[in-house]
Amino acid sequence: MGTLSMTRLRGASSAGLGWVGGSAAAFLLCAVLLPWIGSGSISVGRVLEKASPDYPIFTELRVSRTLLGLLAGGALSLTGSLFQSMLRDSLATPYTLGVSAGASLGAVVTLALGLERLLAVPASWVGAMSGAAVVLLAVAGASWKRGRVSGARLLLSGIALNSICSAFILLIDSVVRDRRSISITQWLLGSVDSVSYRALFVFGIVVVVTSSVVIAQARSWNLLAVGESWAASRGADLRRLSITGYCCGSMLTASSIALTGPIGFVGLIIPHMVRSRISADNRVLMPCSLLLGGVLLACCDTIGRIVLSPAELPAGAVMAIVGGPYLVWLVRKRF
Amino acid sequence: MDARLAVQDVSFAYPGHRVLDSVGFAGCAGEFIVLMGINGAGKSTLLDILAGLRVPDSGAVQLNGRSLKSWSAKERSRSVSHLPQGTKQELPFSVEQVVLMGRYAYADRWFESGEDLAYACDAMRRMDCLQFRNRLFSTLSGGEQQRVLLAACLAQSPAMMLFDEPSTHLDIQQQLHCFATLAELAGEGALCIAVTHDLNLALAHCTRVLVLDQGKLAADLSVSDATHNTGWLSRLSSRLRMSRTEEGKPWVLYQ
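Which chain is which? The protein sequence lines are A and B, in order. If you read the first sequence in my numbering, its first letter stands for residue 1, the second for the next number, and so on. If you read the second sequence in my numbering, its first letter stands for residue 1001, the second for the next number, and so on.
Pulled out of the complex, with its shape left as it was, chain A reads as follows (with noise of 0.2 Å):
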């Protein structure tokens, strides 16, 4: 019996990885087709000898726009797919904990005020990052007792701090002058827009280094997606588990909002996709989550520069048609 269930095991592992790898040749394919697609046309070849306007065009607006969208969105997935788990409901996304209007409500601080750079990067980063670790830490510590989280508080607690930043969001936004008024409104609606390679860089470190923090735990979401006394009495340090994912959620969602604006389903709709068409098993789920929803992002953006050519739609907007039905959809069917 022992080498039969070993030939089990790794069929099962195997097919759980091969979903894995498809999923990275989907992301890589990505990268490296969808520059070529926009709203003016430009050549490979003119492309390759570095020729005006296609080269500039090529290397300083599809590149970095289809990176940022691969990058923004598996981000985003990847935290949905967490907060999934550890609050055991499945409507769970970077949104609900309140972190996504923080970082919005930061990043809207900064556009009204005018400020461009901060410390050498942009201000809209800085006050993203602060506005999300200010959020965290009021949920935080609304819904810690007794040295544990509790789900419940945490998601109510979570919506309130949203219909707060959301209310400050709109004051400030009534307050401002038109222009920028103007120029928070297309934050708002969250889209990818090229950025400095820079800023794309740096993005690129946090995405890589907090993702592979909380795939590396794969196995303990499995347990807490289960029950919290069930994970704890299995062995899991329930207390470690929640700082570390609390925090590298919050990282990965405003690092991204920072960049991209608030874009909403794709943290619902990759992990529910994922989970229910191929495994709910974080080991698949979670690496599964991060390059589909890198792919979905940048998709929705690259339809968004294409179907109303030579306006833009932005990819929020894109992804919301997308997203909406599919909610409906997943609501009607589950529930």
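Hints are computed from structural coordinates only; laboratory data are not their basis. A couple of the hints might just be wrong.
[As the list claims (entries may be wrong)] Below, a list of computed lysine to aspartate or glutamate pairs in the EDC-like style, where the Cα atoms sit at most 20 Å apart:
hint: 1; chain 1: B; residue 1: Lys-1088; chain 2: A; residue 2: Asp-89
hint: 2; chain 1: B; residue 1: Lys-1249; chain 2: B; residue 2: Asp-1198
hint: 3; chain 1: A; residue 1: Lys-145; chain 2: B; residue 2: Asp-1057
hint: 4; chain 1: B; residue 1: Lys-1074; chain 2: A; residue 2: Asp-237
hint: 5; chain 1: B; residue 1: Lys-1074; chain 2: B; residue 2: Glu-1115
hint: 6; chain 1: A; residue 1: Lys-333; chain 2: B; residue 2: Glu-1090
All of these numbers come straight from a predicted model, not from anything done at the bench.
With chain A's structure known, arrange chain B on it following the hints.
The following block gives chain B in isolation, referenced to the frame of chain A:
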């Protein structure tokens, strides 16, 4: 006998109300202890404390001569398994994945080893759920789910097993099978402690009866003493009477 568990003067209070008041007892390898008491008597809280999930306000719990506080979560769960009450029912995992979670504390690797799977299969066979191994947990009935959770606790192969109402949702045949298996595990050298409300099932299989009443240990009797000194029954209800079956086995009548 090998004293495995020592509970000394354990007290515990939730904000505003006291649940356990200086509870003390010892447990040995090979014992199958049944913990009884009315709703709210503190049974589940006591199990949580024994499992290391809650820390008592005062008093000490020692396992194998070592204070439970000084164990890391992983170390502890190689020696203690705990079946909580009211686990979520819509888990998206397969039965085999849930049972393999019992092996968490043993493997640092990404996927469980063949040895882990062998433990899991053995546990599923004992709890009569090997036939569902590839089904989704959420598609099982309540009783079938309970057997899967029990199998995960067995797969952990601990020296002490704590069960909070293990026979919940089980049909009669499976209740008998469950308690017989727990008695069997104790016979193989484990210390089993189960909370239950089923007096006859308990008396037929356990070796010892503990009764909690208003946070205090009201009775601590071997199963044969429990059938003779029946005063403890009044702690559970005034409408109980100890009787015997035709074969001379104890049988509690509900009046």
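Problem - Hints not upheld, ascending by number - result: Hints that this structure does not satisfy do not exist here, as all of them hold.
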